[in-house]
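Take these sequences, add in the hints, and give me the full structure.
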Amino acid sequence: MNLLSGEYECKLDPKGRLVLPAKVKGNLPEQSGNQLVLVRGFEPCLVLYPRSAWQVIHEKVMALDEFNEEYRQFQRNFFRGMTEVELDSISRFMLPRTMLRYAGIEKEAIIVGLGNRCEIWDPARYDEFLIKDQQSFSKLAQKFLSVETPAPGGPAA
1 MNLLSGEYEC KLDPKGRLVL PAKVKGNLPE QSGNQLVLVR GFEPCLVLYP RSAWQVIHEK
61 VMALDEFNEE YRQFQRNFFR GMTEVELDSI SRFMLPRTML RYAGIEKEAI IVGLGNRCEI
121 WDPARYDEFL IKDQQSFSKL AQKFLSVETP APGGPAA
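For the sequence shown, full-length UniProt numbering begins at 1 and goes up steadily by one.
Don't read these hints as lab results, they were simulated from the structure. Hints are supplied without guarantee of correctness; some may be wrong.
What the hints assert, rightly or not - Just the calculated beta-carbon pair ranges, DEER-fashion: (1) 17 <-> 146: 24 to 30 Å; (2) 83 <-> 60: 15 to 21 Å; (3) 70 <-> 33: 32 to 38 Å; (4) 146 <-> 3: 18 to 24 Å; (5) 41 <-> 63: 19 to 25 Å; (6) 142 <-> 81: 22 to 28 Å; (7) 138 <-> 77: 30 to 36 Å; (8) 35 <-> 130: 28 to 34 Å; (9) 70 <-> 17: 36 to 42 Å.
Note that the Cβ used here is the ideal one computed from N, Cα and C, for glycine as well.
Below you can see the structure in the form of structure tokens.
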């Protein structure tokens, strides 16, 4: 299983291209090749998927009932601006101007690996979305990662 992870500081070239860090490129699934999919994030960032990971999400969204207005609205907004990008010989890819404006990215970016995808952030905006209070972060970890242990003699979960 390929796992996209890490946090990388990057610079855009004058044409709006970004070099995918070697460690991220090395963890892309082979079947995706140099083909990636770029979409707007739910937060003000961009999300970069390997083709194989995108296919799973694409199928889920396309399975929604097109005759339901709420589903259509979600599909329209979710696919808005979706762009297929291809890595060139030095692992660069183009970030469309509309996507750069959406994320507020100008000259520098932070790429964050999140397992099946990477987020691309403007550094200042990324910092705004990080949890600053370690106690709050600890509580979230406890909430999402703790496993309940069955009481002695009780049924296993």
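Outcome of the hint check:
Between residue 17 and residue 146 the beta carbons are some 43 Å apart, a value that contradicts the proposed interval 24 to 30 Å. For residue 83 and residue 60, the Cβ-Cβ distance of about 19 Å falls inside the hinted range of 15 to 21 Å, so the restraint holds. One distance hint, 32 to 38 Å for the beta-carbon pair residue 70 and residue 33, holds here, with the actual separation near 35 Å. With their beta carbons about 22 Å apart, residue 146 and residue 3 fall inside the hinted range of 18 to 24 Å.
Look at residue 41 against residue 63: about 22 Å separates their beta carbons, and that is inside 19 to 25 Å. Checked against the given bound of 22 to 28 Å, the beta carbons of residue 142 and residue 81, roughly 37 Å apart, lie outside it. The hinted window of 30 to 36 Å between residue 138 and residue 77 holds, with their beta carbons roughly 34 Å apart. Restraint check, residue 35 to residue 130: a C-beta distance of roughly 30 Å satisfies the suggested window 28 to 34 Å.
Checked against the hint of 36 to 42 Å, the C-beta distance between residue 70 and residue 17 comes to roughly 37 Å, which is consistent with it.
Comparing the model with each earlier hint shows violations of hints 1, 6; every other hint is respected.
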